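For the record, the sequence lines run as chains P and B. Quick note on our numbering: the first sequence kicks off at 218 and runs consecutively. Quick note on our numbering: the second sequence kicks off at 1351 and runs consecutively.
Everything labelled a hint here was simulated from the structure, so no lab data went into it. None of the values given here were measured: they were computed from a predicted structure. Check each hint, because a few of them may be wrong.
What the hints assert, rightly or not - Taking beta-carbon pairs under 8 angstroms as the criterion, some of the chain P residues facing chain B (in silico):
| # | residue |
| --- | --- |
| 1 | Arg361 |
| 2 | Glu396 |
| 3 | Val404 |
Cβ coordinates follow ideal geometry from the N, Cα and C atoms, glycine included.
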Amino acid sequence: MDQAMRPRPVTGERPSLRMAAGLALASASLAACAGRFRYDVPREVMRAPNAQTWGVGLLHSRPAYSVASTTVLNGGAPLREKPTAVIASGAAASWQWRVVAVPSVVPLWTAWRAARKNRRIRREAERTGNRFHTAVDWDLALERAYRVVQYLYGSELPPMRVTLLLIPDGTEYRTRITETGNGYFPVTLAFYWPPPRGWSRC
Amino acid sequence: MYEYQHLLVDAKMIAAVGDTRGDRAANDEARSQCWSDAVFLALNAGTKTSMEWRISRARAAVSLLQQSTRYDVNSGGTGGAGASRDARARVPYPEAYAWGRFFEVESLVGYLRARGLSKLTVVDNRPDAMNAVMSVCRAMTRHPLDLAARNGYPASQVRFVPFFPANISKHN
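Let the sequences and hints guide you as you build the complete structure.
Here it is as structure tokens:
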């Protein structure tokens, strides 16, 4: 079957916020034979300067879930620190989560959290049951995301343990982490903090 | 959430649809990207943040497809595995992400228009439009269809199920 005839769609169909995010891509990765990974985006796109790509792939599900998590952030600056500071952790029903930052990011996060506007929004969100306000903290965001996914999926959500790594905006970071979870999906992905302008990944 | 959806498909908790690996990946991508958009809407609920699916650009994308001699968007949508499906080209796997985005936008645009929302901008304090987007993603999840064989998810098969209450804006 000739696959080459199908043209790529123009990029204009993407929501404007995603357009503003530039090459903020994510792709499903699959393990092929001999442990080789393939991505559902062209290789040239993943290699482009400033491209951001995240991918996960379930390598096997028995006797436990084995998940490969890939992050490719093609920033221009070298990353001189490792993410070691746990700045938040918690659970939203069957999801457990933690956020781990490189040390230089911690003050930026602390300042964001302490901003008067964000403290006010947090109080209001807690008062109204965290449903209708900008999610200004990790626990609020994960809790609300859980509600959305439960609405979409329709039944109890399979457990997940997710680790979010925060690294400075504009740095280069490429890693693939393979983790095994007994009864849960283990996922570890890295993101820039503060998020680049127009960033819209969820 | 984008990645979580992929894992649910990998683990067969959400059915994979499509005849080829590329088509299945594109359908998977359409749903994952819809989940991502749905969560984005929810995380910014009550604000003036907006997402836009420009109909003119969607049309331009369709026009590109129609120029292909191997793919006729007007012949899709029969739902069957007849000659028209066999005659068209499949999604190449490395392009599945981009095609998934197109299928998602086709689906959202179709349903928003069916609900009379001609301006395809969804502001995060407009529960009617937000709930329309959520409902499409929900339908794509609970009743997956091969979008590579259609012009997006059929609006007639989307059940409007609100996630956000109608009075969302007064909370902010």
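Checked against the structure, which of the hints given earlier come out wrong?
2
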